[in-house]
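*Asks:* Read in this note's numbering, the sequence shown has 126 at position 69, and its numbers run on one by one without any break.
A hint or two may mislead.
[To be verified] In silico DSS-like links for lysine-lysine, alpha-carbon gap of 25 angstroms or less:
#, residue 1, residue 2
1, Lys212, Lys125
2, Lys142, Lys125
3, Lys125, Lys217
4, Lys171, Lys142
5, Lys171, Lys296
6, Lys315, Lys125
7, Lys294, Lys278
8, Lys294, Lys375
9, Lys296, Lys247
[As the list claims (entries may be wrong)] Between beta-carbon pairs, the in silico distance windows are:
#, residue 1, residue 2, range
10, Ser308, Ala273, 37 to 47 angstroms
11, Ile374, Gly189, 46 to 56 angstroms
12, Gly219, Ser186, 42 to 52 angstroms
13, Ala343, Ser241, 14 to 24 angstroms
14, Asn306, Ile374, 22 to 32 angstroms
15, Asn403, Thr363, 43 to 53 angstroms
16, Lys296, Ser186, 52 to 62 angstroms
Think of the hints as simulated: they come from the structure by calculation, not from any bench.
Small disclaimer: the values here were computed from a predicted structure and weren't measured.
Using N, Cα and C, we set each Cβ at its ideal position, and we do this for glycine too.
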Amino acid sequence: MGPLNGIVIADFSRVLAGPYATMMLADMGAQVIKIERPGVGDDTRSWGPPFNEQGMSTYFAGVNRNKKTLEIDLSSEEGRAQARKIALKADILVENFRPGTMQRMGLDYETLSKENEGLIYASLSGFGSGEGADIGGYDLMVQAVGGLMSINGEKDRPVKVGVALVDVLTGLHMGMGILAALNSRHSTGKGQNIEINLLHTLLSSLANQASAYVGAGVIGKAMGNTHPSISPYQVFKTKEGDLAIAAGNDSLYRRTCKVLNMPELIEDERFITNSDRVAHREELAAIIEGALQEKTAHEWFSELRTAGVPAGPVNNIKQAFEFAESLGLDPIVEVEGMRSVRNPINFSDTPIEYHSAPQKLGNQAFQ
């Protein structure tokens, strides 16, 4: 049994952030009841192509395994009563409606907690429940207004990250908050209301870039595949293919120089310390890239790996999965005939469970 066996989650969320969080919790053994609109379901059911062999949107399938789908018309009194019944029996409720929507339906935390004192109620929004409540929270626009686009891509050409990263990060933060609230409930017997929004999550997740601004007033900018504070830490062209080298300290830099058969760079005054190398980043990059033209990315990867230098070829998605498989990580699982990406968490005593594939609408497996 998973570590969350016996925990019941009423999942009113849709699209990515909420469903990703609840799938992670379902993988850990929680029973997740996914509430969907009759005949329509989660928005992502129609987000395709691609569709898998079962005819299901792969977007939807990617974040909805291990859940029981229940179609409920929340616009009707009967539907709201049914949803309320489920919520009052749940340990956790997750929702990402526009702020105020659940309150209008009588499904808000204040109302439900009067009868379900232990309820942990997690609300997700784009920009909070205050001044930003009216702004729709789609990942693309959050990447734009939250600063991520401004530091991604090449100079003067902001580019979004190739996956809805803010949604995923928000789902992970929400899951962490839920687990913390569960732990608190063990001692207090009481649940609590958790609020999380995409913008706050992104600002926190900007990490060193955010800290540079908050602590030193430095506004980050797009630098392509280079790093503002480390060198060499970027992607280089080789004889064949691109290679990422992450020499994050002086020792790794020296090892890189030796593998490239350029020991003279170790004592070059321009490159002795990391700060020196950052100041002369373009000069160092040109020298390294010139040396890399002698071999392919895979050949250099083999040599750098042997020397203990973090490096690797730039893979496409297929190659990335093949690489994980070559390391014995088994990144793909099959659940009821449907292939899915393995949960990355490994428990020694309470393993992750894969017991049901994402359900089609109309399959009322939960009553």
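*Asks:* Evaluate each hint against the coordinates.
*Replies:* Hints versus structure:
1. Between Lys212 and Lys125, the direct Cα distance comes to roughly 46 angstroms. Violation of the 25 angstroms bound is thereby established for this hinted pair.
2. A hinted pair counts as satisfied when its Cα atoms are at most 25 angstroms apart, and Lys142 with Lys125 qualifies at roughly 16 angstroms.
3. Of the supplied pair hints, the one linking Lys125 and Lys217 is violated, its CA atoms being roughly 33 angstroms apart against a limit of 25 angstroms.
4. Of the supplied pair hints, the one linking Lys171 and Lys142 holds, its CA atoms being roughly 13 angstroms apart against a limit of 25 angstroms.
5. Our distance criterion of 25 angstroms between C-alpha atoms is broken by Lys171 and Lys296, whose separation comes to about 67 angstroms.
6. At roughly 56 angstroms between alpha-carbon atoms, Lys315 and Lys125 are farther apart than 25 angstroms, so this suggested pair is violated.
7. Our distance criterion of 25 angstroms between C-alpha atoms is met by Lys294 and Lys278, whose separation comes to about 23 angstroms.
8. For the hint pairing Lys294 with Lys375, the CA-to-CA distance comes to about 21 angstroms; that is within 25 angstroms, so the pair holds.
9. Between Lys296 and Lys247, the direct Cα distance comes to roughly 62 angstroms. Violation of the 25 angstroms bound is thereby established for this hinted pair.
10. Distance hint check for Ser308 and Ala273: the Cβ-Cβ separation is about 27 angstroms, which falls outside the suggested range of 37 to 47 angstroms.
11. Checked against the hint of 46 to 56 angstroms, the pair Ile374 and Gly189 fails, with Cβ atoms roughly 34 angstroms apart.
12. At about 30 angstroms, the beta-carbon gap between Gly219 and Ser186 misses the expected band of 42 to 52 angstroms.
13. Range check, Ala343 to Ser241: Cβ separation about 55 angstroms, and the 14 to 24 angstroms hint is violated.
14. A beta carbon spacing of about 30 angstroms between Asn306 and Ile374 agrees with the range 22 to 32 angstroms that was offered as a hint.
15. Checked against the hint of 43 to 53 angstroms, the C-beta distance between Asn403 and Thr363 comes to roughly 27 angstroms, which is inconsistent with it.
16. Distance hint check: the CB atoms of Lys296 and Ser186 are about 55 angstroms apart, consistent with the given range 52 to 62 angstroms.
Violated hints, in rising order: 1, 3, 5, 6, 9, 10, 11, 12, 13, 15; the structure is consistent with all others.
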